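S.K.: Sequence:
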Amino acid sequence: MISSHLPRLAAVVAVAAIAIAGCGSPTPGAAAVLGDTRISETALTKQVQAVLTAQGKGLDTADAALTSQTLDRMMKSELVDILAVQAGVEITQAQIDAQLLDYDAQAGSRAEVERIFLEQGIAPSQITGIIVLNLQANALGLQLAPNADAEAQGQAVVKAITVLSELLETEVSPRYGTWDAATLQVGAAPDDLSSPQAE
1 MISSHLPRLA AVVAVAAIAI AGCGSPTPGA AAVLGDTRIS ETALTKQVQA
51 VLTAQGKGLD TADAALTSQT LDRMMKSELV DILAVQAGVE ITQAQIDAQL
101 LDYDAQAGSR AEVERIFLEQ GIAPSQITGI IVLNLQANAL GLQLAPNADA
151 EAQGQAVVKA ITVLSELLET EVSPRYGTWD AATLQVGAAP DDLSSPQAE
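If you use the working numbering, the sequence shown corresponds to residues 1 to 199, in order.
Hint data in this document are derived by calculation from the structure and do not stem from the laboratory. Do not rely on the hints blindly, as some may be mistaken.
What the hints assert, rightly or not - With a straight-line cut-off of 20 Å between C-alpha atoms, the simulated EDC-like cross-links for lysine to aspartate or glutamate are:
hint, residue 1, residue 2
1, Lys159, Asp149
2, Lys159, Glu171
3, Lys46, Glu119
4, Lys57, Asp102
5, Lys57, Asp36
6, Lys46, Asp63
7, Lys159, Glu169
Values in this document were obtained by computation on a predicted structure and should not be read as measured data.
Based on the provided sequences and hints, a complete structural model is requested.
M.R.: Here it is in structure tokens:
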């Protein structure tokens, strides 16, 4: 079973979470805005639909939790990528391939790896992006706190991402939720917004 090993990946993704207090409304058509970078509603929808397709569900399936989780991950990826560029961190294809092979060995097959990721709301086509995010976060941790343990390095990355997100005045569209500084995740949409229709 890979279940005892892959949670490290999930933990690293969680470590890369961002804590900001969103205010105002992002640019129309944008699910989120990070400085000059926009995450469009179209891009978010495509990411969500990739997961729904992999799960064998209809593309019009309403899944607010999956949408929120996907947007959260996309924003983390953008912010960590910006930090990685600033720090000169470059992830090679060889590193990605090595990580995939490691997961294959732990799980017993690529199909099992994909199944486990899909349970976490990550489509097979999105696994590489998650691996890049984790490798970047690990490399940043080593740079920010070279003599510290993994936990302290993770905390250093969280702090750096939080500072960056505040500098960029990161915002998320209210229709997709709000930033929860306590849990470092996208929270529920404001109560004053109309509730989406339940199917």
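S.K.: Against this structure, judge whether each hint is valid.
M.R.: Results for each hint:
1. Lys159 <-> Asp149: Distance ~16 Å between lysine 159 and aspartate 149 Cα, so the pair holds.
2. Lys159 <-> Glu171: holds, 18 Å
3. Lys46 <-> Glu119: Given that 20 Å is the threshold and the Cα spacing comes to 18 Å, the pair holds.
4. Lys57 <-> Asp102: With a Cα-Cα distance of about 29 Å, the restraint between lysine 57 and aspartate 102 is violated, given a limit of 20 Å.
5. Lys57 <-> Asp36: violated, 34 Å
6. Lys46 <-> Asp63: Satisfied, since the Cα-Cα distance of roughly 13 Å is no more than 20 Å.
7. Lys159 <-> Glu169: holds, 15 Å
Comparing the model with each earlier hint shows violations of hints 4, 5; every other hint is respected.
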